Amino acid sequence: AQTVTQSQPEMSVQEAETVTLSCTYDTSESDYYLFWYKQPPSRQMILVIRQEAYKQQNATENRFSVNFQKAAKSFSLKISDSQLGDAAMYFCAYRSADAGNMLTFGGGTRLMVKP
Amino acid sequence: NAGVTQTPKFQVLKTGQSMTLQCAQDMNHNSMYWYRQDPGMGLRLIYYSASEGTTDKGEVPNGYNVSRLNKREFSLRLESAAPSQTSVYFCATSRGRFNEAFFGQGTRLTVV
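As they're listed, the protein sequences go chains A and B. Just so it is clear: in the first sequence, position 3 is 3 by our numbering, and no numbers are missing. Just so it is clear: in the second sequence, position 110 is 225 by our numbering, and no numbers are missing.
Calculated directly from the structure, the hints in this document are not laboratory data. Note that the coordinates shown come from a computational prediction; the quantities given were computed from them, not determined experimentally. Ideal Cβ placement from N, Cα and C applies to all residues, glycine included. Don't take every hint at face value.
[Unchecked claim] Only part of the chain A face toward chain B is listed, based on derived beta-carbon distances under 8 angstroms:
(1) Met-45
(2) Phe-68
(3) Ala-87
(4) Leu-103
(5) Arg-110
Model the full assembly from the supplied sequences, consistent with the hints where possible.
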């Protein structure tokens, strides 16, 4: 079974600065998808960014970008120009392209943004 | 544009009681999921339904049953609630296996 590990339970960043959240995963598959979700205090799960494993180019969505290292099985999220509204729990998630529809989540990283 | 709707949003149960969590989606998605979220453990899959008429166990199915009533609705039943089932429960949908999941707002369940 695949596992997803987020080694940073908590991170903090100064407003307008850049922060990187780490995620590693364990899989023997070559085709899969990776996601970052944001969960603010409202509890709603919001998709931040997605990456297809067959794509070498790192995904980018406005201030959010990823550093996808397939050989190292690493998928970090970089948030640039951090804003107060970025404060939330962030979850990394893995979905296999073969084994059904399971989406496997990491344990989460709580991001605090200091004004 | 409701998306994924879960009811109820909060519930307190006594040990041994039963209840059903309801989930409905208006996104015309084939796949639906039930997750539970516990502190420090992320979200863990309880059951999923790849399409209407099919259901499969996820990572933590014990103590739960599901019903995919039609394409729109996917319910989760606790037959005899236990304190270990105290958690936040999320329903989610996706168009297919390659697509991201869309989540409901969650149900906070406390079993005393």
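Hints, one by one, checked against the model:
{"no.": "1", "hint": "Met-45", "in the structure": "holds (4 angstroms)"}
{"no.": "2", "hint": "Phe-68", "in the structure": "violated (16 angstroms)"}
{"no.": "3", "hint": "Ala-87", "in the structure": "violated (18 angstroms)"}
{"no.": "4", "hint": "Leu-103", "in the structure": "holds (6 angstroms)"}
{"no.": "5", "hint": "Arg-110", "in the structure": "violated (10 angstroms)"}
Checked against the numbered hints given earlier, the structure breaks hints 2, 3 and 5 and satisfies all the rest.
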